[in-house]
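Colleague: For reference, the chains in residue letters:
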Amino acid sequence: MVTAMKALQVNNVMKSFGGLMAVKGVSFDVDSGQVLGLLGPNGSGKSTLMKIIVGIMKPDSGSILVQGVNVAEDPITVKRMVGFVPESPRLYEFLTGNEYLDFVADVHGLEASVKQERITEFLKALDLEGRENELIHGYSQGMKQKLAIIAGLLHRPQILVLDEPLNALDPRSARITKDLIHKLRDGGIPTIFSTHVLEIADAICDRIVIMYDGKVLEEGTSTELRAKGGTSGSTLEEVFLKLTGTSDTREIVEALTR
Amino acid sequence: MKIRTVYKLALVLTRSQIRGTQRNKTLARIFGEPRTIIIVDLVLLIALGVVGYSLLLRSPALLREAIAGMEASALAGVPVGIASAVILFGVLYEISQPIQSLSTDVVNWLPISPTEYVAGSIISESYIYSFMLSLSLGLLLGPALIFGMGQVWLAAALMATLALIIGSCVVEVLDALTNRISSSFYKKSGRSGMFVRLVLTIIILVFVQLLFSGQIIGYLLQSVIQTVRLAWFVPLVWPSVAVLGASQGSGYTFLAFASLSVVFTLALFEVATNFRARFWVPVPVAIRLSAQTYHAPRIRLQVPWVGLGESAILRKDMRSLTRRREMARFLAIPFVLAVSLGLSFSPLGSESIADTPGLLATVPIYLLPVAIFVGLLSMTSIGQEGYAVWNLYAAPIKPSNLLRAKMLFAAALGLLFVVGLLAVFSLLLKPLATYFWVLLALGIAVVFEESAIGICFGARFPDFREMVRSRYVSVWGSLLGMLVGISSAMLTASPIIISVMRYHSILPQLAALSFIFAFAVFVVASKLANSQIKLLLQNIRT
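Sequence order for the protein chains is D and Y.
Numbering of the first sequence is given in this note's numbering, commencing with residue 345 and proceeding in unit increments.
Numbering of the second sequence is given in this note's numbering, commencing with residue 698 and proceeding in unit increments.
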């Protein structure tokens, strides 16, 4: 029997920094046209895992296959296929928005006519039109985030890896980004998406992986997770807090307002 | 004004400036405490005083006489020297701040009044530059005690402290003013504003380099008293005029100019407070570089082995060099070297035409600046990516693409430098004109050799931290890289030097040896650089 190739396979990945184990044997996979939400509190290893997936960080052990290509063996091919938006992206502040996108397009080898069309389209869609000739240094955090999202999508990636992509975005741009993810999913493009906003994960992710302390705590659809948490009538937030053992929020608020 | 707020603010500003510039964490922690700074200053002052005193007691009478003659002038020169140095260092600090750290004062949104901010900032500046006070006064303490000038020394100490505060006030005024002027200027003028800033920064850097040259310092020391006497009406020299009065036994002059200095300090504080309140721009301005809509360039410079990715990185690096003010120091290097070498070849620097170096000395004198300039450019080309380096990690570029782009960047600027330098030297030195083409080829060979060596060390020891006076390459990396680079350049030149030594001319066979050596070094260094970049791109370090 021939099984369909997974868009992304993460197999027992481990990564440590000195004595700190950031990722402890994480495994999961993503199908084509699927949006996978990566949830977890700060420091749970989500960003490290995303950097390993896109090939900018080497795992200590384990393997990652993107569209069947091993990241460790052929990182360049993987980078050509992936659209990556890091958490709080640092851009080249001495370039203008236009110059930055032109740089990214050239690095991905886009033809002049293609990049002209796409850059103009994206700038217009994400309301950066009119500001594209200003130095990035003067951009707000939201504008920088929009630019990073455009840069991640410019080369029409085969898989999207987005680390907190809706950070600092205005409601309109956040909506456009969410719709874009849906549109790409409909076209078969899978997305891995990390967020702290559980309502967003609930609304746009087909599957959710909850990470805690470098490990996968639970995995499944939003409905499955509610059932696993034994709280089928409750919100994803309640499930998350219960699973990660951080449900003592009421006591904390009491102490803070005392 | 809340004294506690001022004190806390001074503490925070001192810590942030010291931790922002000091790479050694232990030293940064120790010197980030004002209490430690004061203790170190006092120890330095007393130690220098004691050492100076005991050394002078044992020194020959002739030397003591000479020092006695200079002591009063030196004491009078301390206040004006300290005020000028604080202003100069303050301006340099402002220039070397990376673009990312501008206008990010958290105090802009904290409940701190402009008076409290200015007072805190002045105290912080005074803490940081207080070592100048203890150094200069410590050196002059021993002679002052021996020559019975204790009172003049006390007057100098008092006025120098006031001068330190005056200097800090001026820096505050300049900070607020330049912030507003540059913000308005860039907003209006865009690209041309950035060009003007670049030129001004280079001029300031060249000026500072020249100011610290031995000849100029000697001249300034000789003429300090004359300058103070002539410029008594300039408020910045009032503390020095007061000390001069004390040294001449004129109590009235001391009192008058000391009072004027205090009034001037208070007035400056008031101006700094007003400027801070009125002119400070808390948010970065939007600098528009063009009004055109985006048009993807369709015509490209077709260079063999240079693809789209390489030329994109090259263009980005060129923009970085001309737009980031912290990069201006690299562009200033050729000018500093040209002026310094020009001074040493000029009639001012040499006694007669016979002092002009011959071909033997000229070859290293010509190659050394080339090796230093290209070596520095290539070594720093990786680290200057800063935290934005993730863009390169995430991009589908091979190590060889990055190597070629960075090498082209250093080599292109290096070739321009070689041509310019050789043209200037040929006018000044006859031997260079005779062997122009051989030396041009040698320069080109050294440019490529140094760019490969520099990238090799830059990729092995990168420093991506974005801090004031970013180095872009670790201390060891830069030392080793420079050592290897300069040695390699000199080895390349050695067959030509041997040829000149033995045959008084450049033999083609020996010149060919130089080029073969340079080519071999280039090939080996390129391979090593490529493997270093490959290792670097495997694991993001920021």
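These are computed hints drawn from the structure, not numbers from a lab.
Hints are supplied without guarantee of correctness; some may be wrong.
Stated by the list, open to error - Quick list of in silico lysine-lysine cross-link-like pairs, DSBU-like style, CA-CA up to 30 Å:
no., chain 1, residue 1, chain 2, residue 2
1, D, Lys368, Y, Lys1231
2, D, Lys402, Y, Lys1224
3, D, Lys559, D, Lys468
4, Y, Lys705, D, Lys402
5, Y, Lys722, D, Lys350
6, D, Lys402, Y, Lys699
7, D, Lys527, D, Lys350
8, D, Lys402, D, Lys468
Unchecked claim - Partner residues are not named here, just some residues of chain Y that face chain D (Cβ under 7 Å, in silico):
no., residue
9, Tyr826
10, Tyr991
11, Ala993
12, Arg1021
13, Ala1092
14, Ser1097
15, Gln1235
16, Asn1236
17, Ile1237
Said to hold, decoys possible - Cβ-Cβ distance ranges computed for the label pairs, FRET-style:
no., chain 1, residue 1, chain 2, residue 2, range
18, D, His540, Y, Ser713, 27 to 37 Å
19, Y, Gln989, D, Glu568, 47 to 57 Å
20, Y, Pro994, D, Lys468, 16 to 26 Å
21, Y, Gln989, D, Asn386, 53 to 63 Å
22, Y, Arg975, D, Asn386, 35 to 45 Å
23, D, Ala599, Y, Arg732, 30 to 40 Å
24, D, Ala599, Y, Pro808, 20 to 30 Å
For each residue, glycine too, the CB sits at the ideal point set by N, CA and C.
Colleague: What hints, given by number in increasing order, does this structure fail?
Modeller: 3, 4, 5, 6, 8, 9, 14 and 21
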